[in-house]
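Enquirer: Starting from the structure of chain A, add chain B where the hints point.
Chain order of the listed sequences is A and B. According to the working numbering, the stretch in the first sequence is residues 1 to 219, in order. According to the working numbering, the stretch in the second sequence is residues 220 to 438, in order.
Read the hints as simulated data drawn from the structure, not as lab findings. Where is the CB? At the ideal position from N, CA and C, for every residue including glycine. Be a bit skeptical, because a hint or two may be false.
What the hints assert, rightly or not - Residues on chain A that point at chain B, a partial pick, calculated with CB under 8 Å:
| id | residue |
| --- | --- |
| 1 | W18 |
| 2 | G127 |
| 3 | R209 |
There are 2 protein chains.
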Amino acid sequence: MKPNNPVPAEQLLGQLHWRYATKQFDPSRKIDAHTWAALEEALTLSASSGGLQPWAFIVVTDQNIRAKLLPASFGQPQITTASHLVVFAARTDLTEADVDAHIARTAEVQGVSVEALAPFRASLIGGLVAAKNAMERRAWAAKQTGIALGNFLASVALLGVDACPMEGFLPPQYDEILGLGEQGFTSVSLCAVGYRSPGDPYAARPKVRFPKDRVIFHV
Amino acid sequence: MKPNNPVPAEQLLGQLHWRYATKQFDPSRKIDAHTWAALEEALTLSASSGGLQPWAFIVVTDQNIRAKLLPASFGQPQITTASHLVVFAARTDLTEADVDAHIARTAEVQGVSVEALAPFRASLIGGLVAAKNAMERRAWAAKQTGIALGNFLASVALLGVDACPMEGFLPPQYDEILGLGEQGFTSVSLCAVGYRSPGDPYAARPKVRFPKDRVIFHV
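If we strip away everything but chain A, and leave its shape as in the complex, we get (with noise of 0.2 Å):
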């Protein structure tokens, strides 16, 4: 059985606030190979809906990539001076073909048989294959992957890493550049990680959230 070494209270909820979406990231503050590799393995821990993992994290460090990318992000600095960019692409269109690899993963995984996993197979393909329509399936991988960056930004506030998630860019041109769309996938969102400047205004903001009351409700 996994160990169970929680963190305060008070230590989640500070680096919660201490995060903030930074705008100025210092150019010549790279994060290192350990952080980094942490980083990547809690992308890959991210939950999905049935575990279908209907996403690719594409990590952007290829300076000439990103010069690319800028044009077709607004011209926003984030995408050139933070450390390191991951693009969140989500599958354009899930098939079976999808859920049989999930199938065959968790039957190798767990030391069963492709055989005894086929009411789980039914249920993936009757619920979110065959119910769904192809756009009712990318909304839906789309989401998914906010599942992804959710768990990726507070990640990287627990470690006391920078991040700033962006939606203000251009799918298709990301597509196009990254190749993503021959290999099935389309760009949804971007985070771009790294350690903030020191000058960035945007740090000491009071963080803007509706009263609590408005958001949760109690029943």
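Expert: Structure of chain B alone, referenced to chain A:
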């Protein structure tokens, strides 16, 4: 400036490995008030595109209501046995009024005028309201709740609490039972939260993830 008090990478990854989609909760164990308050605060701290927070989180503890939700959830026992049940709901149709509410709140929290925020308002309306059709706005809001769910799952795991994220339920019935429709929201996903039963066989199963090189690409 808020202090940065990160956790070690090994502790973060330990908790992300420790978490699993809990199928059997211990119905006698309730989350204490201090821990639950922290988790609600973590919910409100979720990032969202443009900061718009197009969501509502319904915390269901009333056992009579949970009994009504059970048949709308294919009878999954987590609905009634977990300590808390959170329904993640998305704005059914984001409008200019939602943007204005966020602009008003930003002005209030940051001590600036609404007029000074006019360019920000215009960019939000242009990018998220006017440029999308109703179905796209709905999918966008649902994706934002994915970010909140991912942030919440990581937060719950960091505090050593168990959770089961769920999409297997009937949103129209949830919307009806919880009165979400008339408030402009629709249910998107659920998260049962509490403590695992010592006998849950799922706790000991190896976590199924694709090999890292199938989901993470470097360029």
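Enquirer: Is the interface hint for R209/A satisfied, with its Cβ closer than 8 Å to some Cβ of chain B?
Expert: For R209/A, the interface hint holds, since the closest Cβ of chain B sits about 5 Å away, which is under 8 Å.
Enquirer: If you take the shortest Cβ to Cβ gap from W18/A to chain B, is it below 8 Å?
Expert: holds, 5 Å
Enquirer: Would you check whether G127/A satisfies its interface hint, that is, whether its CB is within less than 8 Å of any CB in chain B?
Expert: Status holds, d = 7 Å.
Comparing the model with each earlier hint shows no violations; every hint is respected.
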